[in-house]
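Produce the complete structure using the sequences and hints provided.
Here the protein sequences come in this chain order: A and B. For the first sequence, the positions run 2 to 258 when this note's numbering is used. For the second sequence, the positions run 5 to 255 when this note's numbering is used.
Accuracy of the hints is not assured; some may be wrong.
[To be verified] With a Cα cut of at most 27 Å, we get these calculated DSSO-like pairs of lysine-lysine: (1) A:K96 - A:K16; (2) B:K230 - B:K89; (3) A:K97 - B:K191; (4) A:K97 - B:K152; (5) B:K152 - B:K89; (6) A:K97 - A:K10; (7) B:K152 - A:K16; (8) A:K24 - A:K97; (9) A:K24 - A:K10; (10) B:K89 - A:K10; (11) B:K152 - A:K91; (12) A:K24 - B:K230; (13) B:K30 - A:K97; (14) A:K91 - A:K24; (15) A:K24 - A:K133; (16) A:K61 - A:K133; (17) A:K10 - A:K61; (18) B:K230 - A:K97; (19) B:K190 - A:K97; (20) A:K16 - A:K133; (21) B:K190 - A:K91; (22) B:K30 - A:K91; (23) B:K89 - A:K96; (24) A:K133 - A:K57; (25) B:K152 - A:K96; (26) A:K16 - A:K97; (27) A:K133 - A:K10.
[As the list claims (entries may be wrong)] Simulated restraints, written as ranges between beta carbons of each label pair: (28) A:V51 - B:S95: 54 to 64 Å; (29) A:T136 - B:S95: 18 to 28 Å; (30) A:K57 - B:V37: 37 to 47 Å; (31) A:V115 - B:N228: 44 to 54 Å; (32) A:H172 - B:H22: 14 to 24 Å; (33) A:A180 - B:T111: 16 to 26 Å; (34) B:G203 - A:F182: 58 to 68 Å; (35) A:D192 - B:I34: 45 to 55 Å.
None of these hints come from the bench; they were simulated from the model. Glycine residues also receive a C-beta, built at the ideal position from the N, C-alpha and C atoms.
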Amino acid sequence: MNRLVEIFKYRELLKNLVVTELKLRYRRSVLGFFWTMLNPLLMMTVLAVVFSTIMKFNIKSYSVLLISGLLPWIFFSQAVSLALMSVVSKGSLLKKVYIPKSLIPLSAVLSSLVNFLLALVPLFLLVVLLGKPLTPALLFLPASILFVALFTCGVAFIFSCLNVFFRDFTHMTEVIIQAWFYLSPVIYRTDMVPETYRFAFNWNPMAHIIECFRIPIFDGRLPDLTAVVIAGTSALAMFMFGFSIFLRFEGRFILRV
Amino acid sequence: MSEPLVQLVDVGMRFRLHYEKAFTLKETMINLVKRRNNYSDLWALRGVSLDVREGEAVGIVGRNGSGKSTLLKILARVFEPTEGKCILRGSVSALIELGAGFNAELTGRENVFLNGAIMGLSRAEMERRYDQIVDFAELHDFMDTAVKNYSSGMYARLGFAIATDVDGDILLIDEILGVGDEGFQKKCFARIQQHLDGGKTVLLVSHDPDAIERICHRAVLLHNGKVVFAGSAAETLTRYREILAMERSPS
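Listed below in C-alpha cells is the structure:
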C-alpha cells in the first residue's frame, strides 16, 4: 500500500515519462498521432477482407466484431512488449538516480493506454458508419477499459521483472503473446468454437475481459454479470500479484541491468 | 541535540562478482544443475557508521576502489545496503553523475522538467525555477536543442544547474567540480557555499584536497571499504596523504 502512495507522490514523473515516450515515438513522423488511429484501422481492414473472402463472413458485422476485439488486444500486447524491455533499457537511469522502479513498466502501459483511448475515435466512427446503433450500454466501456488496463499492468510487471533476470524471456514472450492471441476470442467469438472446447475460455481471463469490451459495442447490451465479475476480479488479482512480484525482486534489479 | 540528518549504522554493501554472469534462462539452468558457484563476494563497504548533522559539510576521501562512490550511491538510495541501515531525515539532491536523469533525445528544456520530476517537483515549481537554471547554466541559446548534441561541458553545466537549484536538504556531490572553465567552477563553489550558508547539508566526495579543505568542516577517510579515520578536514587529509605515500613506497 505504501508503494502505491509512493507512486502517487511521483505522479509528475510518471506523467513526464508517459509524455516523453509518446513524444519520442511520433517525433519526426508526418502523421504523428494519426498513426495510432490509422494502425488498428488498417489492420482491421486487412483481416476483415481476408476473412470475409475466405470464410464468407458478413464483412459489415465482422468488421465491428473484429475491431472491438482487436483494440483491447493491441493495447495489451503493445503495452506488454513495451514494458518488457523498459526496465532493462532504462538501466542507466536506475543506476544513477532513485526513482520508484515500478514507474517504468507503468509508464509503458500508460503510454499504450493513451494510444488505445485515441483509437476509440476511429472505432466509433466505424461503428456509426456501419450502422450499429449507439446504446446506453456503451457507458459500461470505462469499466471494461479499467479491467484490461489493470490486467495489462499486472502482466507487464511480471514480464519486465523476468526479463531483467533472463534476457531470453524476450523471445519467449513473442511466442506466448502470439499463442495467447489465437487462444483468446479476438478475431473470432467463443460461440464460433465447437461446444466441446468452449470451457477452455473460462480459464482465460483475457477472454472475459475482451468480451466485456465487445458486448456493449457489438451486441448493444450489458455483459453478463458472471463475465463482469470474473473479468474484474482476475484483473485486480493480476495487478496485485504482478505488483507484489515486482516489489519482491526490484531490489536486485540494480545489479542486473 | 536534534537527531542527525544522515545516519549510517553499520552499513555494508556486498557485490557478487560473477566470472561469467548468467543472463539467460539456459545458463541459469545449467549453473543450477551443475551447482556451479561462479562468483566471488566483494564487500565494497563493511561496518560503516556515520552521522551527519544539519548544516554540516562532510568530505569523503580515499583511494580508488575504497568505496566512496558506493557510499554516496547508498545515500542517494540507488543502492540498497546489504546490511545495516541508512536513515535519511530530509530530501536528497544527488550530483553523482551530472545529467544522470537526462534523456538524450529530449531538448534541454524538456530535460529540465524531466529532471525536476525525478526529484519530485511539480511542473509549476519547475517553471518558476526555469529561468534561474538556464541563467546559471549559461545555455540560453541551446535550450531547444536535443541534449545528445550538447558538448560534455554543456551537459555537465545543465546537470549541475538543475541539481543545485532544486535544493534538497542534503546535497551529495561526487567528484564533479571539474566542470567547465574556471569562471564556472567558481560559480559552482559559490553555489555550494550558498547551500551551506542556508543551513543545508553537504556530502562531498573528491580527490581534490583543496576542494575538501575549502568546503568541508570535517572528513572521513575510507580504506578498503572501512572508515579508518574521521576528524577535521585537515587531519583527515594528512592521514590520506600518509596512506597514499605508504602505497607508493615499496615495503
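Structure-based check of all given hints:
Between the alpha carbons of K96 (chain A) and K16 (chain A) the distance comes to roughly 21 Å, so the proposed pair stays at or under 27 Å and holds. Taking the CA atoms of K230 (chain B) and K89 (chain B), the gap is about 15 Å. The hint holds against a cut of 27 Å. With a C-alpha separation of about 24 Å, the suggested pair K97 (chain A) and K191 (chain B) falls inside the 27 Å cut-off, and the hint holds. A distance of roughly 18 Å separates the Cα atoms of K97 (chain A) and K152 (chain B); the hinted pair therefore holds under the 27 Å criterion.
For a cut-off of 27 Å, the pair hint linking K152 (chain B) to K89 (chain B) is broken: about 38 Å separates their Cα positions. A threshold of 27 Å between alpha carbons decides the hint, and for K97 (chain A) with K10 (chain A) the separation of about 20 Å falls inside it, so the pair holds. Distance restraint check for K152 (chain B) and K16 (chain A): the Cα-Cα separation of roughly 22 Å lies within the 27 Å cut-off, and the hinted pair is therefore satisfied. Between K24 (chain A) and K97 (chain A) the CA atoms are separated by roughly 24 Å; this keeps the pair inside 27 Å, and the hint holds.
The hinted pair formed by K24 (chain A) and K10 (chain A) meets the criterion: a straight-line CA distance of about 23 Å does not exceed 27 Å. Proposed proximity of K89 (chain B) and K10 (chain A) is supported: the alpha carbons are some 24 Å apart, at most 27 Å. With a CA separation close to 16 Å, the supplied pair K152 (chain B) and K91 (chain A) stays within the 27 Å bound. Our distance criterion of 27 Å between C-alpha atoms is broken by K24 (chain A) and K230 (chain B), whose separation comes to about 46 Å.
Simply put, K30 (chain B) and K97 (chain A) have alpha-carbon atoms about 30 Å apart, too far for the 27 Å limit, and the pair is violated. For the proposed pair K91 (chain A) and K24 (chain A), the alpha carbon gap of about 17 Å is at most 27 Å, so the pair holds. Using a Cα cut-off of 27 Å, the hinted pair K24 (chain A) and K133 (chain A) is violated, with the two alpha carbons roughly 34 Å apart. Of the pairs offered as hints, the one joining K61 (chain A) and K133 (chain A) holds, with about 10 Å between alpha carbons and a cut-off of 27 Å not exceeded.
For the proposed pair K10 (chain A) and K61 (chain A), the alpha carbon gap of about 47 Å is over 27 Å, so the pair is violated. A threshold of 27 Å between alpha carbons decides the hint, and for K230 (chain B) with K97 (chain A) the separation of about 23 Å falls inside it, so the pair holds. Between the alpha carbons of K190 (chain B) and K97 (chain A) the distance comes to roughly 26 Å, so the proposed pair stays at or under 27 Å and holds. Taking the CA atoms of K16 (chain A) and K133 (chain A), the gap is near 36 Å; set against the 27 Å cutoff, the hint is violated.
Proposed proximity of K190 (chain B) and K91 (chain A) is contradicted: the alpha carbons are some 34 Å apart, above 27 Å. Note on K30 (chain B) and K91 (chain A): the hinted pairing holds, with a Cα-Cα distance of about 24 Å set against a maximum of 27 Å. Between K89 (chain B) and K96 (chain A), the direct Cα distance comes to roughly 20 Å. Compliance with the 27 Å bound is thereby established for this hinted pair. For the suggested pair K133 (chain A) and K57 (chain A), the alpha carbons sit about 20 Å apart, so the restraint of at most 27 Å is met.
Restraint check for K152 (chain B) and K96 (chain A): the C-alpha separation of about 19 Å stays at or below 27 Å, so the hint holds. Distance check on the hinted pair: K16 (chain A) and K97 (chain A) sit about 20 Å apart at the alpha-carbon level, within 27 Å; holds. As the CA atoms of K133 (chain A) and K10 (chain A) are separated by approximately 43 Å, the hinted pair breaks the 27 Å bound. Separation of V51 (chain A) from S95 (chain B) is about 58 Å and conforms to the stated range, judged on CB atoms against 54 to 64 Å.
Distance hint check for T136 (chain A) and S95 (chain B): the Cβ-Cβ separation is about 52 Å, which falls outside the suggested range of 18 to 28 Å. Taking 37 to 47 Å as the suggested C-beta distance range, the pair K57 (chain A) and V37 (chain B) does not conform, at roughly 53 Å. Judged by the Cβ atoms, the range 44 to 54 Å given for V115 (chain A) and N228 (chain B) holds: they are separated by roughly 51 Å. A hinted range of 14 to 24 Å for the beta carbons of H172 (chain A) and H22 (chain B) is consistent with their spacing of about 22 Å.
The hint said 16 to 26 Å for the Cβ distance between A180 (chain A) and T111 (chain B), and at roughly 42 Å that hint is violated. Here the CB-CB span from G203 (chain B) to F182 (chain A) is close to 59 Å, well matched to the stated 58 to 68 Å. Checking the proposed 45 to 55 Å range against D192 (chain A) and I34 (chain B) shows it holds: the Cβ atoms sit about 47 Å from each other.
Of the numbered hints listed earlier, those contradicted by the structure are 5, 12, 13, 15, 17, 20, 21, 27, 29, 30, 33.
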